[in-house]
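Visitor: Chains as they are written, first to last, in the numbering used here: chain Y, 1 to 469; chain E, 470 to 683.
Hints in this document: simulated from the structure, not taken from any laboratory.
Idealized CB from N, CA, C, for every residue including glycine.
The reader is advised that the hints may include incorrect statements.
[Claimed, not checked] Only some residues are given here: those of chain Y computed to face chain E with a beta carbon under 7 Å: (1) 35; (2) 97; (3) 279; (4) 397; (5) 398.
[Stated by the list, open to error] Ranges of calculated distance between the beta carbons of each label pair, as one might list FRET restraints: (6) E/506 with Y/66: 47 to 55 Å; (7) E/642 with Y/63: 30 to 38 Å; (8) Y/323 with E/550: 55 to 63 Å; (9) E/614 with Y/422: 56 to 64 Å; (10) Y/331 with E/553: 57 to 65 Å; (11) E/521 with Y/395: 13 to 21 Å; (12) E/682 with Y/331: 47 to 55 Å; (13) Y/321 with E/643: 53 to 61 Å; (14) E/538 with Y/77: 36 to 44 Å; (15) Y/319 with E/643: 48 to 56 Å.
[To be verified] Listing some non-contacts, in silico: residues in chain Y with all C-beta distances to chain E over 10 Å: (16) 8; (17) 185; (18) 192; (19) 206; (20) 208; (21) 215; (22) 217; (23) 258; (24) 290; (25) 316; (26) 322; (27) 340; (28) 345; (29) 347; (30) 417.
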Amino acid sequence: MGRLDRIYGFFDDRLDLTESQSFLGKAFPAEDSFLLGEVALFCFLILVLTGMFLGFFFEPSTTEVEYEGSVAEYQGEDLPEAFVSVLNITYDVPFGMLLRRMHHWAAHLFVASMALHMLRVFFNGAYRNPRELNWLVGTGLAGTSMFAAYTGYALPFDEFASTAVGIGYNVALSVPIIGETLGQLVFGGSFPSSATIPRLFFLHVLVLPLVIAGLLALHMGILIRQKHTEAERDGDVPGREPVDRDDGSVVVGLPAVPNQVAVSAVVFFLTLAVLSLLAGFLPVHNIAEYGPNNPASTPSLVMPDWFLMWGYGFLKLVPSWLSFDLLGIHVSSEFVGGLLLPGLVFAVVAAWPFIDYSEEQVHFAESPLKRPWQTAVGIAGVTFIMVASIAGMDVIVADLVGASTAAIRPYLLGALLTVPVVAGLITYVTLREPDADPPTEGEETAADGRGESGGRTDGDASDDGGTDD
Amino acid sequence: MQGKTIVILLVLLAVLLPTWYVASQGEPPSEEIQIDQSVNEISPLEGFLDTPNKLSPSQVGVIVWIALFALVGTLAFFHRFMNRAARPDAGVDATVRGTSEATDGGAAEGASGPSSDSRSDGGVVSLPWIETEDRWLVEYHAASDAKEGLIAMGGLTVLTIAFAALFTGEYLTLARTQYFGVYAFGMFMSLTGLTVSYYAWFMPHMEVAERRGH
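Chain Y with its partners taken away, still in its complex shape:
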């Protein structure tokens, strides 16, 4: 017996590896768009690794210290320690600027890839029975990730970030009844207090990554148990046990080892390559340009990160007269725009699988072109978020059209209410009309296997199964 065999035998005796080996053959349908989830997963891994590097050098403190680093502009000045430590990471630690930028770009790519992944699942109808639970977990992941990014945004305590975080603090205070407590708990009291950065640091490096990691593990666990959705098959699949074209009780794809592992390696390397290029050439959150937090001034262009821009748009568009009292409790317009409306959007997203509910299990991803009203709602939702984002950038819009923000606000509000409806209606009318082109052979066959819900269903509805990738 060779040395390797003896080592394998040692672990096999204790962990029963041979018995669990069959897991290595798990089938992954070979669809390009199904890899988006892996991009998000690898971004999270890169975030953890680069975050560990940054954590070695970062000081979560607002105590003033004299700056002695290499940035000429700030030499000899008393600056917050957090700001100084990020300056040092950026300009005085080898690899520091690259890895800090990589951390930032990975955070943005993480949120973007997750959003695109969710859109893919939405438009393919891959959230339907039995995948509702995993859609809920995914929605929780999206929300938590945005909050994790927000807490990290604040840490360097530069002028721009502290202004943006200050807006978040005011929104937290606006929560009826528990606003003050929430402000104390998350921000450590009146922002910016000396407790703010340590609290956000604790949330950013421990609590939220653990929550994200836990949700990711749950997401993957459900996926492994239920298995992937599958795109339309070209035809019946022959083999030891022939599989019908529309048989959802079986999933067909590449085995995890060796094929899918190699595909995943390609996703990992490509994600790293893109992040390297972005980090090498494009500064993101360049704190030396913004300068340290200055309570006496306001930056010329105040806006949050792009993925929070739609919520900022609500905050800007909700008129101040919308404040009201309900049973003696004051509900401010900041609460309505900053939390209530974004919360409603998240609630609708979370509830969607139960709105577009399928009684039968559905294991095949369906073309968005075959789902008129669901696709119309999706397009309306996407355009709604985009118009709200434009409203969040109203300062830029006002500058472009040469008017004041107050003058353009009614138009933006009108656009927010009408553009999504028009976009949704155009989509619905377009998809509802019968196709002018003669159906292809594949389409004809696909229609045969379609269930009541519009998608092909599991051969045996009593089977347990499926989630999206």
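Since the structure of chain Y is provided, determine the placement of chain E on it from the hints.
Guide: Showing chain E alone in chain Y's frame:
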């Protein structure tokens, strides 16, 4: 179908393009950060290309979405290349048909016989986790082991080593961020190419069917 897709894409672009146009408007460029070289020997800002020194959060949003679409496009290209190049004999029926076949995880030589048959190179494919009670092989293509694969892998190995050496060398000298970015990009793209080449030319292409309920 194509007409409908175009209409929906036009609807999306009618909103997306104005959003991106507004978001791409940033703040005016400011002065470069001056580094005091007497304090530190590394020069992270020494680059070979003029780039913006500040990006607004909205500009970051546009850039990251373009980067994501580029990443997905590149990924789709490589993914398809891997699967296409892994099936060199499109005309050959590579379906694994019988129960007795492929019990060790793969048929040899285009699946014309049981997978436990000897391959032309004398080896036998054996992946015991592929074939179980609830999972079975439905397609198997032996690796082509083509000469171009060997050439590609050799060239990409040299490239990977060269970029890794440059990356390390940069650390030992000026630690310039743009150079780090280019070297890291080259290194990871070479590793991507290596993996793609190995998959396409030296790894058998397999597909399995698996019962969901197990």
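Visitor: Hey, is residue 8 of chain Y genuinely clear of chain E, shortest beta carbon separation above 10 Å?
Guide: Given that every Cβ of chain E is farther than 10 Å from that of residue 8 of chain Y, nearest at about 13 Å, it holds.
Visitor: Does residue 340 of chain Y clear chain E by more than 10 Å, comparing its Cβ with all Cβ atoms of that chain?
Guide: Non-interface label on residue 340 of chain Y holds, nearest chain E Cβ at 23 Å vs cutoff 10 Å.
Visitor: Honestly, do residue 538 of chain E and residue 77 of chain Y meet the 36 to 44 Å range at C-beta?
Guide: holds (42 Å)
Visitor: Report holds or violated for the interface hint on residue 397 of chain Y, using the least CB-CB distance to chain E and a cut-off of 7 Å.
Guide: holds (6 Å)
Visitor: For the range 53 to 61 Å, tell me whether the beta carbons of residue 321 of chain Y and residue 643 of chain E fit it or not.
Guide: The hint (53 to 61 Å, Cβ to Cβ) holds, given that residue 321 of chain Y and residue 643 of chain E are roughly 59 Å apart.
Visitor: Taking the minimum C-beta separation from residue 316 of chain Y to chain E, is that value above 10 Å?
Guide: Residue 316 of chain Y clear of chain E: closest Cβ-Cβ about 14 Å, beyond 10 Å.
Visitor: Measuring Cβ to Cβ, find out whether residue 208 of chain Y lies farther than 10 Å from everything in chain E.
Guide: holds (20 Å)
Visitor: With chain E as the partner, please determine if residue 398 of chain Y meets the hint condition of a C-beta pair closer than 7 Å.
Guide: Status violated, d = 10 Å.
Visitor: Between residue 506 of chain E and residue 66 of chain Y, is the Cβ distance one that fits in 47 to 55 Å?
Guide: violated (20 Å)
Visitor: Range hint 13 to 21 Å: satisfied by the CB atoms of residue 521 of chain E and residue 395 of chain Y?
Guide: Given a distance of about 19 Å, which is inside 13 to 21 Å, the answer is holds.
Visitor: Using the beta carbons of residue 682 of chain E and residue 331 of chain Y, state whether their distance is inside 47 to 55 Å or not.
Guide: holds (49 Å)
Visitor: Compute the least Cβ-Cβ separation between residue 347 of chain Y and chain E, then decide whether it is above 10 Å.
Guide: Label holds. Min Cβ-Cβ 23 Å, cutoff 10 Å.
In terms of the numbered hints stated before, the structure departs from hints 5, 6, 23 and 24, listed from lowest to highest.
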